[in-house]
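**Q** Order-wise, the sequence lines are chains G and P. What the first sequence shows, in the numbering used here, is residues 1 to 305, in sequence order. What the second sequence shows, in the numbering used here, is residues 1 to 257, in sequence order.
These are calculated hints, taken from the structure and not from any lab test. All C-beta atoms, glycine included, are put in the ideal place defined by N, C-alpha and C. Incorrect hints may appear among the rest.
[To be verified] Partial list, computed: chain G residues near chain P (C-beta under 8 Å): (1) Ala186; (2) Gln193; (3) Pro201; (4) Gln202; (5) Leu265; (6) Ala268.
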Amino acid sequence: MTDLDRSRDDLTVVPARYPGRWAAAVVMLVIAALIGISMVANERFGWDVVAQYLFAPPIVAGLMTTLMLTGASMLIGIVLGILLAVGRLSPNPIVAGAAWLYSWFFRGTPLLVQLLFWFFLSALYPKIVLGVPFGPEWLHFDTNSLITPLTAALLGLSLNEGAYMSEIVRAGIIAVPRGQTEAAEAIGMTRMQAMFRVVLPQAMRVIIPPTGNEVIGMLKNTSLVLVIGYSELMTATQSIYARTFETIPMLIVAAIWYLVMTAVLSIAQHYIEKRVGRGFEQTVRVQKPAMTVTEAIATQRRVKA
Amino acid sequence: MNAYEPMLRAIEVRKSYGHVEVLKGISLDIPRGSVACLLGPSGSGKSTFLRCINHLEKIDGGEMWVAGQRVGYRRVGSRLHELKGREIAKARAAIGMVFQQFNLFPHRTVLENVIEGPLVTRRANKADTVRTARELLSRVGLLDKVDRYPAQLSGGQQQRVAIARALCMDPELMLFDEPTSALDPELVGEVLDVMKDLAGRGMSMVVVTHEMGFARDVADVVHFMADGLLVESGPPSQVIDDPQHERTRSFLAKVRE
Numbered sequence: 001m002t003d004l005d006r007s008r009d010d011l012t013v014v015p016a017r018y019p020g021r022w023a024a025a026v027v028m029l030v031i032a033a034l035i036g037i038s039m040v041a042n043e044r045f046g047w048d049v050v051a052q053y054l055f056a057p058p059i060v061a062g063l064m065t066t067l068m069l070t071g072a073s074m075l076i077g078i079v080l081g082i083l084l085a086v087g088r089l090s091p092n093p094i095v096a097g098a099a100w101l102y103s104w105f106f107r108g109t110p111l112l113v114q115l116l117f118w119f120f121l122s123a124l125y126p127k128i129v130l131g132v133p134f135g136p137e138w139l140h141f142d143t144n145s146l147i148t149p150l151t152a153a154l155l156g157l158s159l160n161e162g163a164y165m166s167e168i169v170r171a172g173i174i175a176v177p178r179g180q181t182e183a184a185e186a187i188g189m190t191r192m193q194a195m196f197r198v199v200l201p202q203a204m205r206v207i208i209p210p211t212g213n214e215v216i217g218m219l220k221n222t223s224l225v226l227v228i229g230y231s232e233l234m235t236a237t238q239s240i241y242a243r244t245f246e247t248i249p250m251l252i253v254a255a256i257w258y259l260v261m262t263a264v265l266s267i268a269q270h271y272i273e274k275r276v277g278r279g280f281e282q283t284v285r286v287q288k289p290a291m292t293v294t295e296a297i298a299t300q301r302r303v304k305a
Numbered sequence: 001m002n003a004y005e006p007m008l009r010a011i012e013v014r015k016s017y018g019h020v021e022v023l024k025g026i027s028l029d030i031p032r033g034s035v036a037c038l039l040g041p042s043g044s045g046k047s048t049f050l051r052c053i054n055h056l057e058k059i060d061g062g063e064m065w066v067a068g069q070r071v072g073y074r075r076v077g078s079r080l081h082e083l084k085g086r087e088i089a090k091a092r093a094a095i096g097m098v099f100q101q102f103n104l105f106p107h108r109t110v111l112e113n114v115i116e117g118p119l120v121t122r123r124a125n126k127a128d129t130v131r132t133a134r135e136l137l138s139r140v141g142l143l144d145k146v147d148r149y150p151a152q153l154s155g156g157q158q159q160r161v162a163i164a165r166a167l168c169m170d171p172e173l174m175l176f177d178e179p180t181s182a183l184d185p186e187l188v189g190e191v192l193d194v195m196k197d198l199a200g201r202g203m204s205m206v207v208v209t210h211e212m213g214f215a216r217d218v219a220d221v222v223h224f225m226a227d228g229l230l231v232e233s234g235p236p237s238q239v240i241d242d243p244q245h246e247r248t249r250s251f252l253a254k255v256r257e
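Work the whole structure out from these sequences, hints included.
**A** As structure tokens, this is what we get:
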């Protein structure tokens with residue numbers, strides 16, 4: 001049946017209805033209610049214990065260590081990642097090869113192994129000496145006093161993170177159209193100026209979301225430092241339930257803090273993305289609004305008349 | 001070089017990509033203050049030749065000079081020393097280039113796009129550069145758009161900003177690589193008008209274009225290229241209106257349709 005009938009003026013527009021959305025909402029509400037009720041009704045969750053330990057000094061101290069380790073390792077990792085990514089794309093084959101080798105090695109061995117390796121560095125090199133090879137020696141360090149659990153943790157986490165970040169940064173750089181580099185070079189910029197003034201600022205749009213992933217991953221990866229005897233949020237939690245056997249409530253304490261940190265990071269990420277996305281927003285073009293059906297019919301009438 | 005020093009001199013310039021030779025020995029002179037248009041079918045090598053002039057592409061054979069300076073090399077006695085990144089960048093700063101896809105920096109405003117070159121590559125005084133940039137933007141009719149981002153402008157406006165950005169480096173020579181090919185037809189005129197104005201001020205220009213009207217009105221010399229060779233050169237009245245070569249004739253017939 002075709003609709004070529006133009007004789008009527010009183011056509012009304014009926015918006016499309018989506019009953020599926022209502023059905024999904026109802027199902028979700030029921031599931032949420034069930035979970036909520038069970039969380040309150042099931043005493044084994046131990047909410048009183050959770051409340052008791054949420055702000056306990058060892059937990060807060062562990063939380064601070066987690067934040068410090070994450071912040072410091074990510075900062076070093078990001079700087080390292082940028083240098084490695086720029087190195088990978090260097091026309092100098094030695095630099096490019098070295099950057100590739102670094103990523104291959106640090107992505108190719110488990111983080112756990114790397115942490116232990118740095119911690120036990122003194123077994124391999126008891127002394128670290130600064131000087132000219134085969135020449136004079138200026139500074140001597142005892143490796144055991146240099147490599148504390150903290151330095152080993154920072155070395156392990158940040159050097160490993162640098163390898164992953166380098167691939168993220170490289171992806172961002174590749175995503176910037178070649179014409180941008182050419183335009184920068186055409187106004188007399190060197191390769192490095194073009195990279196740091198033109199390409200990298202635009203690459204940030206692509207770099208930020210996976211970097212957010214890395215930060216959140218790092219929050220949780222810091223718990224691996226447990227193997228070298230360093231204590232952070234997860235270790236603090238474990239040492240408490242090892243003593244009190246309140247395993248589930250203590251795990252909930254840890255989970256709550258991880259979720260709070262992730263939430264804060266997600267908000268921060270939102271603002272960073274907004275900032276590096278300047279100039280890339282969906283542009284508000286001055287556009288004629290689409291005609292409504294009634295207007296369209298009226299226009300056609302006029303044309304016909 | 002002697003008293004007659006052309007803005008651009010190319011002698012037997014060759015360029016290959018792998019086994020494909022895209023420039024098969026191009027020789028031409030472009031006098032100072034003149035406008036040369038490069039015409040030809042796509043794949044004829046005209047854009048590649050243009051990109052060789054500011055060393056975005058490295059030539060594989062022949063010689064080229066811009067304002068008496070050898071492109072890509074420095075001659076010491078009988079040796080040609082390949083230039084390094086910093087020296088190439090310095091040479092490029094004296095040559096403005098306008099791209100088919102505008103290539104404005106999307107993360108910077110119109111004004112920031114225009115002042116970026118002098119500030120970064122010449123460490124120029126910011127207040128002076130902003131003044132120059134505003135003059136240039138008013139010349140291209142975009143003074144009211146200084147704080148916009150490129151994505152908020154039409155194609156024609158973006159290309160005019162790109163021209164201002166190139167001019168802010170105070171170039172001796174301007175290269176245009178199909179500057180109107182990516183534009184909607186109704187926006188072509190505004191860009192061509194800016195280019196005409198520039199030609200009227202005595203700027204040396206090399207323009208790769210398909211705009212026959214512009215070539216006829218503005219060019220001092222038209223070079224027709226095909227298959228990596230220079231087929232025919234001369235004033236537009238000769239090359240466009242009375243082409244001598246069969247290749248030129250068939251190309252112009254297709255363009256005129």
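**Q** Look at each hint and say if it fits the structure.
**A** To see whether the hints hold, each was checked on the structure:
1. Ala186: Since chain P brings a Cβ to about 4 Å from Ala186/G, closer than 8 Å, the hint holds.
2. Gln193: This interface hint holds because 6 Å falls under the 8 Å limit.
3. Pro201: holds (5 Å)
4. Gln202: holds (5 Å)
5. Leu265: Because about 24 Å separates Leu265/G from the closest Cβ in chain P, which is outside the 8 Å limit, the hint is violated.
6. Ala268: Hint on Ala268/G: violated, closest Cβ of chain P at ~20 Å, above 8 Å.
The structure does not agree with the numbered hints 5, 6 stated previously, though it agrees with the rest.
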